[in-house]
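Enquirer: Read off the chains here:
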Amino acid sequence: MSSNTAAARTEEGVKIGSFRLRISRLILYIILGVVAVAQILPLIWLLLFSLKDNQEVFNLPPLALPSDPQWGNYARVWVDGNIGLYFFNSVVVTGVSVILTVLLASLVTFAITRMNWKLNKVVLGLFMVGLMIPVHSTLIPLFSFFTTIGLMDNHLSIILTYTAFNLPLTMMILLGFYYTIPRELEEAAIVDGCSIHRMFFRIILPITAPVVATTAIINMIYNWNEFVFVNTFISSDNLKTLTVGIQNFIGQYATDWGAIGATLVISMLPILIAFFILSNRIVEGMTSGSVKG
Amino acid sequence: MNQIMSDKRVIALYTLPALLLILVLIYVPIVLTGYYGLMDWDGIGAMTFVGLENYAALITDGMFWSSAYHSLLLALFSVGSLVLYLAVSLVLSSNMKGADLFRKIYLIPMLLSSVAIAQLWMRIYHPTNGVMNRFLTTIGIENPPLWLSDTSIVLFAIFIPIIWQYAGFYIIIYYAALKNVPKELEEAAKIDGATPVQIAYKIKLPLIAGVIKVTIVLAVIGSLKYFDLIYVMTDGGPNGASEVMASYMYKLAFRTNDFGYGSAVGFFLLVLILIVTYLIRKATTSKEDEVQY
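Just so you know, the protein sequences line up as chains C and V, in that order. With full-length UniProt numbering, the residue at position 39 of the first sequence is 39, and numbering never jumps. With full-length UniProt numbering, the residue at position 118 of the second sequence is 118, and numbering never jumps.
There's no promise every hint is true.
Stated by the list, open to error - Under the rule of at most 25 Å between Cα atoms (straight-line distance), these lysine to aspartate or glutamate pairs were calculated in the DMTMM-like manner:
id, chain 1, residue 1, chain 2, residue 2
1, V, 251, C, 153
2, V, 179, C, 187
3, V, 8, C, 153
4, V, 104, C, 284
5, V, 213, C, 284
These aren't lab readings, by the way, just hints derived from the structure by calculation.
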């Protein structure tokens, strides 16, 4: 009898416990949900007004669906806005700098972590201190330097600066991976008569492919969105990248909300699509830079 | 083997291109910034050596100090917001289903260009048609603020999108760190009757102290050199109410062609960031936690 009541009591306790657990879970989900809504609501609003005309933007409630989606906004800004050209420039600048950065960073990281020389720590230190240098403190000398050597208003000036400024972060992400490569791999290759260049390009580079891909994506995001250097070094409209191009274009359309919305959505799409395909790598890259130990 | 792996020519070949890039495009420019700061120079004509005149002028330049004050406020605000990110990450890492989806959603704003974000938030803050004030009038607030054109709140209005933009970045860093905390510790504490809050405060937070330190440094450095959103959204205005150090430097050099004085501001920014980084690291480094970044 008494054992029965005890059992009943325990059962009651478990019920109350699981009820409490469920309530606290619910509260936690509400917290996460509120933050998630805060993070994407502005973008949903943007998507909505990109499909409206001014009439609807100003008169309908902000989150109302457009009654007659104005897909024409997209067609209009694509045709009038030079957006295709800006897009192409962004692809070229981003692509070339990403390849250059990843290749140079891999070579240096290999030399620093795998090869034997005295100054390797000093050289590594030089790159790592580079992480702290604010780009604005270099802007004026870079401006006069590129003016002097005639690279002003030339894609090469931004490609080279992107590469230089992204090298430190890229190397930092690569370092951890390079330290874990077993020595035996290199020894075996050398015993088999492999030259060091061949070893780097045929063995080391391929086995670092996963982390190289991560750094490439992080670089891609930074370069695609970069603003200050393009804004300062590029003046010709036909050389501008998407970031700076849309800024000028929006200036002309200051009062046409649908057109502005469509422009912004077009500029965001490539990165968002890349993110949905490659999100795990992106998250990994962003964290591996700062989380160690 | 050793001979091949210490081939000086190979080391030079692999190291020099990257080293040359950062020397020419990062290190030489920061030295030149300090040097130009000693000059009276409009960027085109001849330089006149004026000694420490520019640096002395900084001391009495009210605009400079107010921009430095705004940068400092942003730094405090950013570091304060880390508490919020930490709280969200603690929730996110507590075995929640869908944690992956949530952290991906949080990260989205971070991937977008600051120009696009600035243009979007300018519309959110639009006095009559923006989603912010339309919401406020709907809930009965009759004279909602003018946000970006009100000198007393413009700075705060700009801090919000900055926080919004970086939230996901810090959340995934904390999340990744918290996921590395050994499960056994948490289990053991639970058996001893520790509440989730106690576990977070006494076990999880001390274990990720190194990562928290890194994020504090990142937030402070990032804030001190912050530029993009402010440049696009308000251009430091109205009346300098949202001017920060980087935007002030940019204006001096590229609007008023005062390259000498602008360089002095740029050099100050660099020195400030190096000092602050050093101080934070020194203040927060204990002997047992050696965190690389």
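Enquirer: So, against the hints stated earlier in the document, which numbers end up violated here?
Expert: 2, 3
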